[in-house]
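Undergrad: Sequence:
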Amino acid sequence: MQTYRHTIAGDVITVNVPEDLDDLMQFEDWAAEASRRGPIALDTETTGLSIFSPGYRLRTVQFGDAHTAWVIHYERGGYFRTLVQNLLSVPGTRFVIHNAAFDWLVLDKHAGITLESLAPKTTDTKILAALCDPRQAKEGGTGTGLKPLSARFVDPSAPDTQGDLTSVFNSLGLTKETGWAGIRLDHPTYNLYAGLDVILTARLLPCLIAELESLGVRNVLSQYEHEIARICAVMQRRGMVLDEEYTRELDATLAAEAYEYTEKAARYGVENVNSTAQIAEALEGMGEVLRERTASGAVKVDKAVLCALADVDLQWNRLDVRKPNPLAVAVLRSKRAGKWRTTYAQRFLSMMDAGGRIHPGINTLAARTGRMSADLVQTLPSGDAMIRRAILAEEGEVFVSTDFKAVELRVLAALADVKRMKEAITAGEDLHDYTASLIYGPQFTPKHRKLSKGVGLGKVYGGGPDTLSRQTGAPIEDVRRAIAAYDRVYPEVKRASGRWQREARGSGMVYISAIGRRLPLDRDRAYAVVNYACQSTARDVLGQSMLNMEEAGLLDNCRLPIHDEMLASVPVGEAKEYAREFEKCMTFALRGVPIEAEAEIGGRSWGSLYGADF
DNA sequence: CCTCTCACG
DNA sequence: ACGTACGTGAGAGGT
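The first sequence maps to residues 0 to 613 in numbering that gives the first Met the number 0.
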């Protein structure tokens with residue numbers, strides 16, 4: 000047995016690293032005893048973060064309580080492996096994990112322990128921490144990482160070992176990326192680090208439970224978040240089919256386009272199309288006047304500035320108000336091709352698993368409002384189907400996308416009890432149509448509706464005329480008229496904003512959402528409470544729908560939640576029936592206000608829902 | 001590591 | 001007193 004001692008919060012703790020069968024039997028005895036006392040802290044060390052990439056390995060599995068950690072070298076196989084699998088399969092043994100979804104998926108994929116079996120036995124300290132304070136560290140919160148939480152609740156010096164391990168990697172000629180796979184399994188710092196993490200997790204649990212108790216956060220909210228985490232982990236494990244051949248062609252096409260326009264930009268003296276300083280200098284040399292500045296005082300050279308010089312709107316439609324500047328055109332095209340290639344095509348290929356699938360990681364509590372985020376696919380272009388075309392439904396299936404209808408506005412109508420909004424919704428009127436008629440009169444066009452949608456949403460979140468006009472492209476006079484009309488028609492919104500801000504000030508600048516979620520406000524932008532309340536409740540409306548989907552047997556079809564939408568893969572012959580089922584799961588009343596959804600049936604590729612013909 | 005830019009809801 | 005859009009992930013440049 001290798002044994003390490005360390006001090007945490009004044010206590011000497013022990014990290015045991017079993018080396019033979021006798022050591023493992025001691026571990027077994029400890030585990031039997033520890034599981035009777037309470038949940039066992041659990042963690043894994045692996046070769047990296049992309050669980051589904053070829054060659055990925057599970058290296059160690061750690062177990063522990065507040066004073067003792069056991070680092071089991073799973074990679075050695077044999078008894079090391081079977082003992083871990085046995086312990087994780089014992090009925091009734093509970094575990095506490097920090098960021099459980101990651102370890103669930105690692106153990107599911109690489110140790111044969113299904114997430115369906117492990118999730119019901121798990122408490123996730125990251126979820127508990129997010130329910131105490133959902134803010135990231137840079138937003139003024141504690142953050143929800145194990146280290147910052149341990150520093151606050153357990154021991155201020157707890158995070159120091161992290162830096163030690165990075166310097167060990169460096170001293171071995173390894174980096175932050177290669178270190179996890181390359182370091183020797185018996186390296187002392189590696190094992191100490193691995194052991195400390197479970198001890199910190201074990202110590203964090205009672206602190207966070209006490210914190211939640213004192214803040215009055217109900218246990219059902221925590222249980223609900225654990226269900227959502229499990230459901231999203233199932234979707235992440237499934238992943239989506241990548242059209243590899245198409246993606247490779249796309250990569251080549253975008254490379255050629257980027258090359259062509261980078262060359263053109265170079266003729267005007269711009270060596271690097273991503274350097275705003277170079278572009279500004281070259282444009283000014285051509286006689287263009289650049290008036291806009293960024294917050295830090297630099298010349299602003301963004302898409303809006305370049306589009307104006309290229310005589311196109313933000314959707315690249317020709318404006319015909321000036322002669323297009325050829326450098327602006329070249330920079331726009333080169334930057335877009337380059338970004339789309341690296342951020343989408345190449346990233347898809349690099350993240351593809353051995354079966355040709357990609358697995359977007361879902362963070363179920365990413366935003367301060369509780370909104371989820373997904374890596375890899377959250378922000379694929381929607382105006383052009385080229386990128387989404389690379390992602391496919393299952394063989395013999397098609398994509399169905401079911402969207403809520405104006406969910407944030409319906410939530411607002413429910414929360415703030417907005418009379419005319421509720422009447423319009425109940426009467427089956429389209430809220431954005433209604434806004435458009437307020438601004439443009441009954442003869443409004445589809446383009447008017449689109450502008451009105453932006454104005455309507457921006458307005459309720461506190462946007463002013465300038466911002467709303469800039470964001471939506473609607474003329475400023477129209478925006479002013481819309482704002483005046485809004486305040487007349489929906490006076491309850493402003494009143495609710497004031498009331499919610501007062502409530503928050505009375506409880507340490509925290510607004511408590513409809514389901515009891517704590518939403519901290521920034522003192523100097525308390526008006527954001529309207530956005531927080533709507534965004535957060537809309538997130539939980541989607542969360543409730545996801546529980547409904549699992550109940551209806553649709554979880555295996557679900558692929559990705561996207562704020563107000565569920566993307567699903569369904570058998571081509573039964574698409575209509577599935578579409579109705581998804582709509583049903585996303586339809587219910589919120590304080591008497593109907594929440595409704597509409598399914599769109601596409602083809603095999605995700606791009607088919609955005610205009611692609613496949 | 002911070003800033004800027006750009007993609008989405 | 002008045003007015004303020006909100007929330008993400010990701011790549012590249014520059015300090």
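Among these hints, one or two may not hold up.
In silico lysine to any residue, SDA-like type, Cα no more than 25 Å apart, as pairs [unchecked claim]:
1. K302 with D374
2. K418 with R487
3. K449 with A254
4. K493 with Q442
5. K452 with N316
6. K338 with A254
7. K108 with R58
8. K404 with D416
9. K404 with A495
10. K338 with I561
11. K137 with P119
12. K302 with G286
Between beta-carbon pairs, the in silico distance windows are [to be verified]:
13. G395 with A8: 55 to 65 Å
14. E18 with G515: 45 to 55 Å
15. R36 with G515: 26 to 36 Å
Because the hints were derived from the structure by calculation, they are not lab data.
The C-beta atom is built at its ideal place from N, Cα and C for all residues, glycine as well.
Undergrad: Next step is simple, just say for each hint if it's right about the structure.
TA: Each hint, compared with the structure:
no.: 1; hint: K302 with D374; result: holds (24 Å)
no.: 2; hint: K418 with R487; result: holds (12 Å)
no.: 3; hint: K449 with A254; result: violated (33 Å)
no.: 4; hint: K493 with Q442; result: violated (29 Å)
no.: 5; hint: K452 with N316; result: holds (20 Å)
no.: 6; hint: K338 with A254; result: holds (10 Å)
no.: 7; hint: K108 with R58; result: holds (13 Å)
no.: 8; hint: K404 with D416; result: holds (18 Å)
no.: 9; hint: K404 with A495; result: holds (23 Å)
no.: 10; hint: K338 with I561; result: holds (22 Å)
no.: 11; hint: K137 with P119; result: violated (32 Å)
no.: 12; hint: K302 with G286; result: holds (19 Å)
no.: 13; hint: G395 with A8: 55 to 65 Å; result: holds (57 Å)
no.: 14; hint: E18 with G515: 45 to 55 Å; result: holds (48 Å)
no.: 15; hint: R36 with G515: 26 to 36 Å; result: holds (30 Å)
Of the numbered hints stated above, those contradicted by the structure are hints 3, 4 and 11, listed in ascending order.
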